[in-house]
Amino acid sequence: MNVDFKTDGNNITVYLAGDIDEYGVRTVKNDIDKLIDDTKGLRSMVFDMRSVTFIDSTGLGFVLGRYKKLRQRRAELLLRNVPKQVDRVFGASGVYSFVPIVE
Amino acid sequence: MNNYFSMKLCAVGENESFARNVVASFAVACSPTLDELNDLKTAVSEAVTNVVVHAYDDGGIVEIYCEIDLTENSLSVCVKDFGKGIEDVNKALEPFYTTKPDDERSGMGFTIMESFMDSMSVESTPGAGTCVTMKKVFGKC
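Chains as they are written, first to last, in the numbering used here: chain A, 79 to 181; chain B, 1209 to 1349.
With the rest of the complex left out, here is chain A (with noise of 0.2 Å):
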């Protein structure tokens, strides 16, 4: 898994790439949570899912986990360009309904 990062303003997104499970997120997760901790002012982080080639549940929980750091610090998490099996696991675990899909 891979990810790469563009800021504007005070903004992020957060581009992932690759394999979205328990090998994957251990690789990415403190780097995310760096880059949460260390910009000041941040109002919202988008994950751009367009190179996602895998998720489950693990990867559920790291995107709730995403969530609820973000809205600690007043800031939301939103969504872009989520694949097929990935909408698949969203779709069946309400996500939705806590970080919206953005065009």
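Calculated directly from the structure, the hints in this document are not laboratory data. Since the model is a prediction, treat every value here as computed from it, not as a measurement. Any given hint might turn out to be false.
Unchecked claim - DSS-like mimics (lysine-lysine), calculated; alpha carbons at most 30 Å apart, straight line:
no.	chain 1	residue 1	chain 2	residue 2
1	A	K162	B	K1308
2	B	K1299	A	K107
3	B	K1308	B	K1216
4	A	K146	B	K1343
5	B	K1299	A	K146
6	B	K1308	A	K147
7	B	K1343	B	K1308
8	A	K112	B	K1308
9	B	K1343	B	K1216
10	B	K1299	A	K147
11	B	K1343	A	K107
12	A	K118	A	K107
13	A	K84	A	K107
Once you have looked at the hints, place chain B on chain A.
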């Protein structure tokens, strides 16, 4: 013709991707759609993740037995461990129930297995291990 394979893996996160992709490759004989294949991969990943995260404290083995039945175009997969077992299986099956909430576990593993496969059963003996058996029939619609 029916076909099967079995394998033993070290119960570590690095092997999850290998396990789900091997089962998905085996399922190709049933001519699944891409969506069906993704459902199968997700369910297998959940079962193996449970073993990696919950079954052992100091590492162990995950055993996978997989069988296809071409007469009904189905695949059955059994994911077995020899770890701690589950004290209360009914509780574990509840959506969002997790014994590790501090670890950012979603508690949705069994719910996803149940909803993405045609059948799922869990047999567990505390102190002896757990066996999750799932079946998917392909090309139903």
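Task: Pairwise hint evaluation, K107/A against K84/A, where the allowed Cα distance is 30 Å at most - done: holds (17 Å)
TODO: Quickly compare the C-alpha distance for K118/A and K107/A to 30 Å and report which way the hint goes.
DONE: Distance of about 19 Å is within 30 Å: holds.
Open item on the list: Next pair to validate is K1299/B with K146/A; report whether the Cα-Cα distance is within 30 Å.
Closed with: Roughly 25 Å between the alpha carbons, so the hint for K1299/B and K146/A holds.
TODO: Would you check the hint for K1343/B and K107/A, treating anything up to 30 Å between C-alpha atoms as holding?
DONE: It is violated: about 33 Å lies between the C-alpha atoms, which goes past 30 Å.
Open item on the list: For a C-alpha distance cap of 30 Å, please report whether K146/A and K1343/B respect it.
Closed with: violated (35 Å)
Open item on the list: Given the hinted pair K1308/B and K147/A, is their Cα-Cα distance within 30 Å?
Closed with: holds (17 Å)
Open item on the list: Between the alpha carbons of K1308/B and K1216/B, is the straight-line distance 30 Å or under?
Closed with: The given pair, whose Cα atoms are some 26 Å apart, holds under the 30 Å limit.
Open item on the list: Given the hinted pair K1299/B and K107/A, is their Cα-Cα distance within 30 Å?
Closed with: Satisfied, since the Cα-Cα distance of roughly 29 Å is no more than 30 Å.
- [ ] Below or equal to 30 Å on CA atoms is what counts here, so check K1343/B against K1216/B.
- [x] holds (20 Å)
- [ ] Would you check the hint for K1343/B and K1308/B, treating anything up to 30 Å between C-alpha atoms as holding?
- [x] Roughly 27 Å separates the two Cα atoms, so the pair holds.
Open item on the list: K1299/B and K147/A were given as a pair; does the straight-line alpha-carbon distance stay at or below 30 Å?
Closed with: Answer holds: K1299/B to K147/A is near 28 Å, not above 30 Å.
- [ ] Compare the distance between the alpha carbons of K162/A and K1308/B with 30 Å, and conclude whether the hinted pair is satisfied.
- [x] Holds, because 28 Å separates the two Cα atoms, which is no more than 30 Å.
Of the hints listed earlier, those the structure fails to meet are numbers 4 and 11, in rising order.
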